[in-house]
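Chain order of the listed sequences is A and B.
The letter at position 260 of the first sequence is residue 299 when you use my numbering, and the numbering goes up by one with no holes.
The letter at position 231 of the second sequence is residue 270 when you use my numbering, and the numbering goes up by one with no holes.
Since the hints were derived computationally from the structure, they do not count as laboratory data.
A couple of the hints might just be wrong.
[As the list claims (entries may be wrong)] With a cut-off of at most 25 Å between alpha-carbon atoms, the simulated PhoX-like pairs for lysine-lysine come out as follows:
(1) A:K218 x A:K230
(2) B:K46 x A:K46
(3) B:K79 x A:K46
(4) A:K79 x B:K46
(5) A:K79 x A:K46
[Claimed, not checked] Residues of chain B clear of chain A, computed beta-carbon distances all greater than 12 Å:
(6) H57
(7) E104
(8) V166
(9) V200
A virtual CB, placed ideally from N, CA and C, is assigned to each residue, including glycine.
Protein chains: 2
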Amino acid sequence: MMNLTFKQLRYFEALAHHAHFGRAAAACSISQPALSVQIKELEQQLNAILFERGARQVRLTVFGEALALRVRDILRSVDELEDLARASRDRLVGRLRIGIIPTIAPYLLPAIIKELSRTHPGLDIHVRETLTQKLIQELTDGRIDAAVVALPVSEPSLNEVQLLSEKFVLVRPATDAGKPVPDRAALQEMKLLLLEEGHCFRDQALSFCNIRSAQPREGLDASSLTTLVQMVGAGMGVTLLPEMAVEVETRSTEVAIASFKDPQPSRTIGMIWRNTNPLGRELLRISDVVREAINPPRSR
Amino acid sequence: MMNLTFKQLRYFEALAHHAHFGRAAAACSISQPALSVQIKELEQQLNAILFERGARQVRLTVFGEALALRVRDILRSVDELEDLARASRDRLVGRLRIGIIPTIAPYLLPAIIKELSRTHPGLDIHVRETLTQKLIQELTDGRIDAAVVALPVSEPSLNEVQLLSEKFVLVRPATDAGKPVPDRAALQEMKLLLLEEGHCFRDQALSFCNIRSAQPREGLDASSLTTLVQMVGAGMGVTLLPEMAVEVETRSTEVAIASFKDPQPSRTIGMIWRNTNPLGRELLRISDVVREAINPPRSR
DNA sequence: GTTCATCATAAGAACAGGTTATTGCTGTCA
DNA sequence: TGACAGCAATAACCTGTTCTTATGATGAAC
């Protein structure tokens, strides 16, 4: 036994409307016998007579009338599917779940969200802030759509685009302001305060100092850059800070900022997403918006 | 360009549910390639990607999710169509529009409706009371489904079944109670009060008296049997009354009832409907119910 | 590197659904 | 009343869709 078909319902609707096989068939752009057969088929499927064929007129039966009401709704719903597809084809709509690491989030997120809301109104933006490794896991699991992290990630299943590069600066107690800037070797001798395990920024800082991450260190790891700066201000040591964080984190704390001499430490921030994600093009545009948001226009 | 298909939506729903082409295909009892092709087809129709094909998992896109919700509703609505058909297959449901002539309605309608309500609960009964000719017109126009009239109607497009036969009795002023019952010839000499033009009962009475309807008569026609009896009670003449009306109409009026000698006048009441009406079987059952309602069981 | 899992593609087979031609019925009109 | 006209059902045939099985491609796991 075959199943109901949209065609049958559309033909049925036409016949209910025209009450005439020939005209209904014409309205459906098919021949009259084709319509007859399909209506008959539909009646057999439903095991009910839908039309009363009089000598000179075709009339809906009581059941046919009841059916016509529902069929109309169904067909309209189907039409709406196509409308829905057409509407969401052009612009990205619906939900965008974006992940971002903690050493970026506080400084870039406001600008990103502001700009995305402007360029993609109606987009439902969800933000997840956690460590790179977790973000990658959530990305591959499909729990988020994209993430802003430090590159490179080097996951073959993930697409990555660069957003910006930024230097790291040295943060030391305000009393050290005048002293010469240490080089990488000198830095190894100083008390370097770092984020706890898992933050990529920790690894980048260690890497700059030529210190292997596995090397045991005393338990002075902080859980945020804010804490790090506070610790420096308290004279507990020195630390590195990405440039974007400087303004926010040193605003109310007495510390001294110094740029390194070449080779300057730095990190590259980028956006990543599953390369299987069919919204790739949209995400690329999203990344452009984000880049625009965080790289202030040159005119200023 | 082809149109959307129910199959595609069902396949889509299955794949959205299983998130696995092979298992979804099995659930649909088709091969995996068939499912792949249909999903691809659906995506082309909607010009949107519905699933993100990862290496090890299939996942709905944002749009796919939005679609899945609507598709589910649509498919459930379609399933309900079949339920609806199945439910209305057995018993007559919905609306029954029944016509009945004025010389029957007051006497039989209460019993008919009572019995129909008992045997066909949930049936929405509409009643139309008017002359036979109008009923026939409305029947062929599809404005009513069946009618209770005096037979024969002799419309080839209408089905008719008998319900009962009943005699006509003579109604004359109470003062005439003892007088001999006139025969047809004597009746012609009396002042015979009749219903107005159009009532079949008028024609039947005239026919009994061998008077041609076209014959001019003074303007004493009444519009209801009640009025006729009142006129007889007032001494304006005599009239005929179908048996079923006797009890109701003479209850509070001083008139004398007399049966005719053979050949007694009578009429046959029947039910008629379009013979193209697919509910013919149901209507036959309805007629049985009606017959049962108006012919009191023999046991009493 | 090999194997496994999984989806896409290809080619042939089966079938649904279309067409035109024809039949059959009914009501209309001369 | 008999020929005709209108209309739906049926028949015969044809075509395009949509299955099936077989095979290819690709990424993940061992």
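Unsatisfied constraints (hint numbers, rising): 7
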